[in-house]
Amino acid sequence: MAIEVEGLGFRYGGREALTDIGFRLGQGTFTALLGPNGAGKSTLFALLTRLYALQDGEIRLLGQSIRRHSASVMQHLGVVFQQSTLDLDLTVMQNLEYHGSLHGLSRREIRQRARTELERLQMAERLHERVRNLNGGHRRRVEIARALLHRPAILLLDEATVGLDTRTRADLNAYVRGLCRDLGLCALWATHLIEEIAPEDRVLLLHRGRLRADASALELCRRADCDSLAEAFERLTATPEQAA
Amino acid sequence: MKQPPPIDPRAYWHSLRGILEREFYRFLQQRSRFLSALVRPLLWLVVFAAGFRAALGVAIIPPYQTYITYETYIAPGLCCMILLFNGMQSSLSMVYDREMGSMRVLLMSPLPRTWLLICKLLAIALISLIQVYGFLALAWLLVGFEPPLAGLLTVLPALLLTALMLGAIGLLLSSRIRQLENFAGVMNFVIFPMFFISSALYPLWKMREASEWLYWACLLNPFSHAVELVRHALYLELNLQALAITAGTTAVFTMLAVMGFSPERTARRKT
Chain R
1 MAIEVEGLGF RYGGREALTD IGFRLGQGTF TALLGPNGAG KSTLFALLTR
51 LYALQDGEIR LLGQSIRRHS ASVMQHLGVV FQQSTLDLDL TVMQNLEYHG
101 SLHGLSRREI RQRARTELER LQMAERLHER VRNLNGGHRR RVEIARALLH
151 RPAILLLDEA TVGLDTRTRA DLNAYVRGLC RDLGLCALWA THLIEEIAPE
201 DRVLLLHRGR LRADASALEL CRRADCDSLA EAFERLTATP EQAA
Chain D
1 MKQPPPIDPR AYWHSLRGIL EREFYRFLQQ RSRFLSALVR PLLWLVVFAA
51 GFRAALGVAI IPPYQTYITY ETYIAPGLCC MILLFNGMQS SLSMVYDREM
101 GSMRVLLMSP LPRTWLLICK LLAIALISLI QVYGFLALAW LLVGFEPPLA
151 GLLTVLPALL LTALMLGAIG LLLSSRIRQL ENFAGVMNFV IFPMFFISSA
201 LYPLWKMREA SEWLYWACLL NPFSHAVELV RHALYLELNL QALAITAGTT
251 AVFTMLAVMG FSPERTARRK T
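Read top to bottom, the protein sequences are chains R and D.
Heads up, the first sequence is in full-length UniProt numbering, so the first residue is 1 and it goes up one at a time.
Heads up, the second sequence is in full-length UniProt numbering, so the first residue is 1 and it goes up one at a time.
These are calculated hints, taken from the structure and not from any lab test.
It should be emphasised that the depicted structure is a prediction, and the values quoted were computed from it without experimental measurement.
Mixed in with the good hints there might be a few duds.
Unchecked claim - Stretches of chain R that chain D covers, calculated by requiring three or more beta carbons in the stretch to come under 8 Å of a beta carbon on chain D:
(1) 44-52
(2) 68-77
(3) 86-97
(4) 104-114
To be verified - Some chain D residues flagged as far from chain R (calculated, every beta-carbon gap over 12 Å):
(5) Tyr12
(6) Trp13
(7) Glu99
(8) Val105
(9) Thr114
(10) Leu116
(11) Ile130
(12) Asn188
(13) Pro203
(14) Asn239
Claimed, not checked - Facing chain R, a subset of chain D residues (Cβ under 10 Å, in silico):
(15) Gly18
(16) Gln30
(17) Arg104
(18) Pro112
(19) Lys206
Ideal Cβ positions, reconstructed from N, Cα and C, are used throughout, including at glycine.
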């Protein structure tokens, strides 16, 4: 298993942010983490990426406990955060060099891999351009290239397409699906945009810190007795007042 | 349960190189920061010291062998002033990095967080040293400040240690501050008291003449000891007491700063 989460709970002070979350994701799979704003997606990502310490439960990446091997398991993980984390004043290459060095790669390895990743994303000619001069879509591509530079087995994308136009969103989505298929990557794609989810995709539906459903998009529609995932999502995340 | 593959020892070197390079690239991008770092102490040296030279007599005190000008007295303090401002400014950029999210790139490395933060401190310190040597060259040109040539070498470890100490204090502050806006206030409560309540501008005996409590406050300020360490090193002398206090303060603040960046504290900041 690429990711195993068991009985995960997290509190900010007295406020419960995640309660008893559990799921297992295999290698070469694409899974959508769907939830409205405030559902707990970013907290779950912060725990998976070790930005927050575990309180309750356990997370294992490729069978290795994040609690026991907190730093070293990070080598399996590539992450694209919701908020861009690129240094705007540095060039694409300098950003990639910085990230690669933090993962212990030599300058030579970084340059070879950077070229490969950027070529795949059709960005090789922008290598020495300053990030500030790139548009939102291109910055996202650089972030994906950066996340893959150290050849992780798992890719986490936290609302990675927010603020991008429909075409770019679709392109990035297709690209990540291709990585899962061709490289055996396990991708967890957090989103609140229904159109990014295909009917056969596995969906983890997070709502108010709880995992409300773990099924394919089609199955969710069937369970909620709806024709579309958008409707099913509305129904499954409705407050009691809305439901009434 | 599986064990993760061990980290190649060369990874530590690559990460250090990467962090140093990034700080250097950023430094090259921010030329105005370099200029302002030089203008500030130069104003003190050329304008402030010219006014005070007549009013303040400086007796012969170690490490000086003879009477010195006021400019000569304050030059080591002004070197430390550059380190102080630079240390705090770099911390400000860390608060900015944290707000902008780029701090996550550093904290998500598979290398130990303590190591990464020490690399970061070292990078901040080395950038500060470039500025200090720039200032020393200008001080020589403008007011004829001429310490022994060998002193320019012996002062290097003293400057490095001082830069690490001030960087660690800044790092600790940046780990405790939730918002960028709060940093300006803290700067006023840290930089100015630290600089003025020290031996940077006046010798301690002069402070004691003015006020006993001010003298003791200066003695308790680790910045005073860093200034004395630099002053003595510049004149080829080792002030052991200053070295011990500066090194001890560096160790304590580095430890506290590392604790401040632990995942437990990162989450607590959000509550």
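Hint check results:
| no. | hint | verdict |
| --- | --- | --- |
| 1 | 44-52 | holds (count 5) |
| 2 | 68-77 | holds (count 10) |
| 3 | 86-97 | holds (count 6) |
| 4 | 104-114 | holds (count 4) |
| 5 | Tyr12 | 8 Å, violated |
| 6 | Trp13 | 9 Å, violated |
| 7 | Glu99 | 9 Å, violated |
| 8 | Val105 | 5 Å, violated |
| 9 | Thr114 | 10 Å, violated |
| 10 | Leu116 | 7 Å, violated |
| 11 | Ile130 | 18 Å, holds |
| 12 | Asn188 | 27 Å, holds |
| 13 | Pro203 | 42 Å, holds |
| 14 | Asn239 | 37 Å, holds |
| 15 | Gly18 | 2 Å, holds |
| 16 | Gln30 | 8 Å, holds |
| 17 | Arg104 | 6 Å, holds |
| 18 | Pro112 | 6 Å, holds |
| 19 | Lys206 | 44 Å, violated |
The earlier numbered hints that this structure contradicts are 5, 6, 7, 8, 9, 10, 19.
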